[in-house]
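Participant: Residue numbers (the numbering used here), protein chains in the order written: chain Y, 536 to 619; chain B, 9 to 276.
These aren't lab readings, by the way, just hints derived from the structure by calculation. Do not rely on the hints blindly, as some may be mistaken.
[What the hints assert, rightly or not] Lysine-lysine pairs mimicking BS3-like chemistry, simulated, CA-CA at most 30 Å apart:
no., chain 1, residue 1, chain 2, residue 2
1, B, 209, Y, 606
2, Y, 602, B, 212
3, B, 209, B, 161
4, Y, 608, B, 209
5, Y, 607, B, 270
6, B, 219, B, 270
7, B, 209, B, 219
8, B, 161, Y, 602
9, Y, 549, B, 242
10, B, 266, B, 219
11, Y, 549, Y, 602
12, B, 212, Y, 608
13, B, 270, B, 185
14, B, 66, B, 242
15, Y, 606, B, 66
16, B, 242, B, 161
17, B, 270, B, 242
18, B, 209, B, 242
19, B, 209, Y, 602
20, B, 185, B, 242
21, B, 66, B, 209
22, B, 266, B, 212
23, B, 212, B, 185
24, B, 66, B, 219
25, B, 209, Y, 549
26, B, 270, B, 209
27, B, 212, Y, 549
28, Y, 602, B, 185
29, Y, 602, B, 219
30, B, 216, B, 161
31, B, 212, Y, 607
32, B, 270, B, 66
33, B, 266, B, 209
34, B, 161, B, 270
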Amino acid sequence: MTKSSGHIIINIQKCKGCELCIIECPQNGMALSSNINQNGYHYAYLAEDICTGCTNCALICPEAIIKVYRKKKSKILKQPVSTL
Amino acid sequence: MSISQEGIHCNYLNEMDLVWDRPDTFTDTTLHYCPGCGHSVINRLIMESVQELNIEEKTIGVAPVGCSVFAYHYMFIDMQEAAHGRASAVATGIKRILPDRIVFSYQGDGDLAAIGTAETIHTVNRGENILMLFINNGIYGMTGGQMSPTTLKGSITSTSPDGRDYNQHGYPLDITKIIAQMPGSAYVTRQSVDSANAVRKTKKAMMKSLKYQMDGGRGVCFIEIVSNCPSGWKMTPTESNEWLRNEIFNHYELGDIKQLPKLKTNEI
């Protein structure tokens with residue numbers, strides 16, 4: 536399995552199930568759970584491993600409970616420019 | 009890698025960078041706002057801007073009366089509660105006594121455009137060096153969804169069950185355009201928080217206004233944020249955002265109404 540370039544962690548116990556992040560996800564990778572959390576809300580979760588770490592869900596989330604991780608950029612070693 | 013209803017468990021998280029997290033200036037208290045409310049996003053955005061500019065120690069916020077009355081529970085900075093509609097007057101007092109502090113007021117449409125119209129107009133007229141945030145959702149959310157001065161024609165609220173009628177209830181008050189005409193205002197803009205891009209733009213406007221105040225700029229920076237009220241409008245959060253885009257933005261057009269003046273070097 537290829538590793539996706541991003542990942543999110545949602546504090547599901549604080550989610551109020553407003554679905555704004557689900558609409559906002561450009562990859563359509565999020566879904567509303569059929570389970571409920573301690574407050575009785577259906578919570579959003581990352582259903583498919585296609586996250587790119589674009590932070591759209593975290594920006595729109597009213598509760599600010601989404602943490603976004605993104606793959607470290609691979610460092611390209613710069614070759615010294617040979618003097619002509 | 010395991011998929012469950014609690015989300016995907018990622019076992020290579022240590023290979024990744026944390027790119028977005030709740031700002032430290034925004035407390036861990038569970039917000040009392042209804043699901044999908046724009047207030048929570050705006051509360052967070054102003055705290056994000058304050059943290060990014062490293063001015064937590066010298067920022068003072070003034071909380072309003074209305075849905076956002078508990079703003080001081082969520083903002084981990086110095087806060088002051090003001091009487092209904094008088095947040096801009098209280099902010100004036102704070103800024104005049106402590107001119108080196110960054111002061112902002114946070115008000116809704118019932119607070120700033122109804123009961124506090126006189127204070128708002130005169131604060132801008134005096135050209136106070138504060139940031140005023142105006143959250144316009146066209147309804148009195150906390151008291152049960154009554155019609156506010158900024159409610160648009162045909163909107164059904166608990167005090168206008170047949171929709172707002174201009175002959176009977178008057179016209180919507182566009183206070184942002186009134187303020188843009190006054191010489192005391194420095195920067196007047198209208199933004200929204202209905203999508204991720206709109207959130208980015210709103211944050212940019214807040215950063216700009218706070219920086220202007222830090223650099224010793226003169227005049228009120230006024231940011232109107234056209235927001236939603238899913239409970240008051242009797243809609244789901246996603247429906248309310250679509251309603252914003254399809255109906256409300258036609259009347260309240262987004263964008264800068266008054267551009268920020270360029271500071272001369274001797275003013276800084």
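Participant: Now tell me if each hint is right for this structure.
Facilitator: Verification of the supplied hints:
1. B/209 to Y/606: Holds, at about 25 Å.
2. Y/602 to B/212: Measuring from Cα to Cα gives roughly 21 Å; hence the hint holds.
3. B/209 to B/161: 28 Å, holds
4. Y/608 to B/209: Holds, because 26 Å separates the two Cα atoms, which is no more than 30 Å.
5. Y/607 to B/270: Distance ~38 Å between residue 607 of chain Y and residue 270 of chain B Cα, so the pair is violated.
6. B/219 to B/270: 12 Å, holds
7. B/209 to B/219: OK: residue 209 of chain B and residue 219 of chain B at ~15 Å, within 30 Å.
8. B/161 to Y/602: Distance ~40 Å between residue 161 of chain B and residue 602 of chain Y Cα, so the pair is violated.
9. Y/549 to B/242: The given pair, whose Cα atoms are some 23 Å apart, holds under the 30 Å limit.
10. B/266 to B/219: Judged against 30 Å, a Cα distance of about 17 Å means the pair holds.
11. Y/549 to Y/602: Given pair residue 549 of chain Y, residue 602 of chain Y holds - Cα atoms ~13 Å apart, limit 30 Å.
12. B/212 to Y/608: Holds. Residue 212 of chain B to residue 608 of chain Y sits at ~26 Å (cutoff 30 Å).
13. B/270 to B/185: 21 Å, holds
14. B/66 to B/242: 40 Å, violated
15. Y/606 to B/66: The given pair, whose Cα atoms are some 35 Å apart, is violated under the 30 Å limit.
16. B/242 to B/161: 17 Å, holds
17. B/270 to B/242: Not satisfied, since the Cα-Cα distance of roughly 44 Å exceeds 30 Å.
18. B/209 to B/242: 27 Å, holds
19. B/209 to Y/602: OK: residue 209 of chain B and residue 602 of chain Y at ~21 Å, within 30 Å.
20. B/185 to B/242: Holds: residue 185 of chain B and residue 242 of chain B sit about 28 Å apart, inside 30 Å.
21. B/66 to B/209: Distance ~24 Å between residue 66 of chain B and residue 209 of chain B Cα, so the pair holds.
22. B/266 to B/212: With Cα atoms ~15 Å apart, residue 266 of chain B and residue 212 of chain B stay inside 30 Å; holds.
23. B/212 to B/185: The hint holds at about 20 Å.
24. B/66 to B/219: Judged against 30 Å, a Cα distance of about 13 Å means the pair holds.
25. B/209 to Y/549: Answer holds: residue 209 of chain B to residue 549 of chain Y is near 26 Å, not above 30 Å.
26. B/270 to B/209: Between residue 270 of chain B and residue 209 of chain B the Cα gap is close to 20 Å, so the pair holds against 30 Å.
27. B/212 to Y/549: Within the cut-off at roughly 27 Å; holds.
28. Y/602 to B/185: 38 Å, violated
29. Y/602 to B/219: Holds, because 27 Å separates the two Cα atoms, which is no more than 30 Å.
30. B/216 to B/161: Violated. Residue 216 of chain B to residue 161 of chain B sits at ~33 Å, over the 30 Å cutoff.
31. B/212 to Y/607: Holds, at about 26 Å.
32. B/270 to B/66: 24 Å, holds
33. B/266 to B/209: Holds, at roughly 16 Å.
34. B/161 to B/270: Distance ~38 Å between residue 161 of chain B and residue 270 of chain B Cα, so the pair is violated.
In the structure shown, a violation is registered for the earlier hints numbered 5, 8, 14, 15, 17, 28, 30, 34, in ascending order.
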